[in-house]
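Participant: Here is how the chains run, residue by residue.
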Amino acid sequence: EADIYQTPRYLVIGTGKKITLECSQTMGHDKMYWYQQDPGMELHLIHYSYGVNSTEKGDLSSESTVSRIRTEHFPLTLESARPSHTSQYLCASSESRLAGGSYNEQFFGPGTRLTVL
Amino acid sequence: KNQVEQSPQSLIILEGKNCTLQCNYTVSPFSNLRWYKQDTGRGPVSLTIMTFSENTKSNGRYTATLDADTKQSSLHITASQLSDSASYICVVSDRGSTLGRLYFGRGTQLTVWP
Chain A
1 EADIYQTPRY LVIGTGKKIT LECSQTMGHD KMYWYQQDPG MELHLIHYSY
51 GVNSTEKGDL SSESTVSRIR TEHFPLTLES ARPSHTSQYL CASSESRLAG
101 GSYNEQFFGP GTRLTVL
Chain B
1 KNQVEQSPQS LIILEGKNCT LQCNYTVSPF SNLRWYKQDT GRGPVSLTIM
51 TFSENTKSNG RYTATLDADT KQSSLHITAS QLSDSASYIC VVSDRGSTLG
101 RLYFGRGTQL TVWP
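Listed in order, the protein sequences are those of chains A and B. One point on numbering: in the working numbering, the residue at position 116 of the first sequence is 116, and numbering is uninterrupted. One point on numbering: in the working numbering, the residue at position 56 of the second sequence is 56, and numbering is uninterrupted.
Excised from the complex, chain A in its bound form:
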């Protein structure tokens, strides 16, 4: 079992609310990722980070923002949630390629199921 945690596991909120999805890993991994997954669909990368103070947007455009102040912590924030943000959000981490990690294998958290009413 990978040591990567996400909270909350489930969240139901009203439109316009600000929310933060938490993600923490205790493996000391440099790289962290946020994916969005709708039912029956593939995972889409929305944000990633190479390390502290590094954040990049992924393939899928997202209105969310992320921060990486500490190695182990990679929170995702939605300033004003909308029904279109309803989805499952998965956080993952991996070792740095330069550190010789196992094929950059990504370890996933359990996910946060977000519903915006």
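Worth double-checking, as some hints may not be accurate.
As the list claims (entries may be wrong) - Simulated pairs of lysine to aspartate or glutamate, EDC-like, Cα-Cα distance not exceeding 16 Å:
(1) K1(B) - D59(A)
(2) K37(B) - E105(A)
(3) K37(B) - D84(B)
(4) K57(B) - D67(B)
(5) K18(A) - E79(A)
(6) K17(A) - E63(A)
(7) K37(B) - E42(A)
(8) K71(B) - D94(B)
(9) K17(A) - E79(A)
These aren't lab readings, by the way, just hints derived from the structure by calculation. Computed from a predicted model, the values in this text were never measured in an experiment.
Given the structure of chain A, go ahead and fit chain B onto it with the hints provided.
Facilitator: Positioned in the frame of chain A, the structure of chain B alone reads:
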């Protein structure tokens, strides 16, 4: 365009039976291919990972094969159990970026009935 296609989209089998899931990809340059198991409401968990030079790899009742020439992979599940009910996702990594970008299939939803 880098893509990963999986078939079938869904599959129902009886407990104890075997099954094979398919994955075709167009990702280039190829680095490695992984099969993940994702239980409902959970994050994906890695089952196997194979590089270009590996043709087959086993993990208990799971056996993955890779044909890098035809860009096809399969995941064979032997003597299925009820706990095998999950989505099985084929993921291909390219070696063209420092990020080690992953390309995900949509998964095959496997249901095992008693």
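Participant: Are the hints correct? Go through all of them and say.
Facilitator: Consistency of the hints with the structure:
1. K1(B) - D59(A): Status holds; Cα separation ~13 Å.
2. K37(B) - E105(A): holds (14 Å)
3. K37(B) - D84(B): holds (9 Å)
4. K57(B) - D67(B): Holds. K57(B) to D67(B) sits at ~12 Å (cutoff 16 Å).
5. K18(A) - E79(A): Holds - the C-alpha atoms of E79(A) and K18(A) are around 4 Å apart, at most 16 Å.
6. K17(A) - E63(A): holds (13 Å)
7. K37(B) - E42(A): holds (13 Å)
8. K71(B) - D94(B): It holds: about 13 Å lies between the C-alpha atoms, which stays within 16 Å.
9. K17(A) - E79(A): Holds. K17(A) to E79(A) sits at ~7 Å (cutoff 16 Å).
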